[in-house]
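In this text, residue positions in the sequence shown follow this note's numbering: the first is 1, and each later residue adds one.
Hints were generated in silico from the structure; no laboratory data involved. Here the structure is a predicted model, which is why all the values come from computation and not from measurement. We put the beta carbon where it would ideally sit given N, CA and C, even for glycine. Hints may contain errors.
To be verified - Here are the computed distance ranges between Cβ atoms for each label pair:
# : residue 1 : residue 2 : range
1 : D60       : A18       : 35 to 43 Å
2 : S68       : L30       : 27 to 35 Å
3 : P55       : D13       : 44 to 52 Å
4 : R6        : F75       : 27 to 35 Å
5 : R54       : G15       : 44 to 52 Å
6 : V3        : D60       : 35 to 43 Å
7 : P55       : F75       : 22 to 30 Å
8 : I7        : Q71       : 22 to 30 Å
9 : G15       : T52       : 38 to 46 Å
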Amino acid sequence: MVVLNRIYTRTGDDGTTALGNGERRVKFDLRIEAYGTVDEANAAIGLARLATCRPPPEGDAAIDAMLSRIQNDLFDLGADLCVPAMADEAEGAGLRIV
Numbered sequence: 001m002v003v004l005n006r007i008y009t010r011t012g013d014d015g016t017t018a019l020g021n022g023e024r025r026v027k028f029d030l031r032i033e034a035y036g037t038v039d040e041a042n043a044a045i046g047l048a049r050l051a052t053c054r055p056p057p058e059g060d061a062a063i064d065a066m067l068s069r070i071q072n073d074l075f076d077l078g079a080d081l082c083v084p085a086m087a088d089e090a091e092g093a094g095l096r097i098v
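Model the full assembly from the supplied sequences, consistent with the hints where possible.
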């Protein structure tokens with residue numbers, strides 16, 4: 001088991017968190033809430049996959065493959081939410097999920 005005794009970010013907790021581009025946002029920002037919710041959905045799907053993984057004939061490989069694809073899409077969506085578009089970037093240019 002991994003044990004994390006102390007973690008230091010050297011920024012303290014001033015009520016903000018950093019996005020992927022280093023920009024700081026308040027922790028109750030809608031973008032932060034959105035990718036937290038996406039992460040929770042992804043975790044729930046992972047638990048569902050774990051609870052239903054059974055070898056054939058009980059297991060359903062098609063459903064597991066579908067849930068796996070959804071998880072991958074959610075990871076991409078979380079990455080998109082983590083890095084805001086640049087001012088000079090064309091709308092939707094860097095998005096993987098549209």
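Quick rundown of the hints versus the structure:
1. At roughly 40 Å, the beta carbons of D60 and A18 sit within the given window of 35 to 43 Å.
2. Checked against the given bound of 27 to 35 Å, the beta carbons of S68 and L30, roughly 28 Å apart, stay inside it.
3. Separated by about 46 Å at the C-beta atoms, P55 and D13 satisfy the suggested range of 44 to 52 Å.
4. In this structure the hint that R6 and F75 lie 27 to 35 Å apart at CB holds, the actual value being about 28 Å.
5. The hinted range of 44 to 52 Å is satisfied by R54 and G15, whose Cβ atoms lie roughly 45 Å apart.
6. Checked against the given bound of 35 to 43 Å, the beta carbons of V3 and D60, roughly 37 Å apart, stay inside it.
7. Look at P55 against F75: about 26 Å separates their beta carbons, and that is inside 22 to 30 Å.
8. Take I7 and Q71: their Cβ atoms lie about 26 Å apart, and the range 22 to 30 Å holds.
9. Between G15 and T52 the beta carbons are some 39 Å apart, a value that agrees with the proposed interval 38 to 46 Å.
Against the hints set out earlier in the document, no violation occurs for any number.
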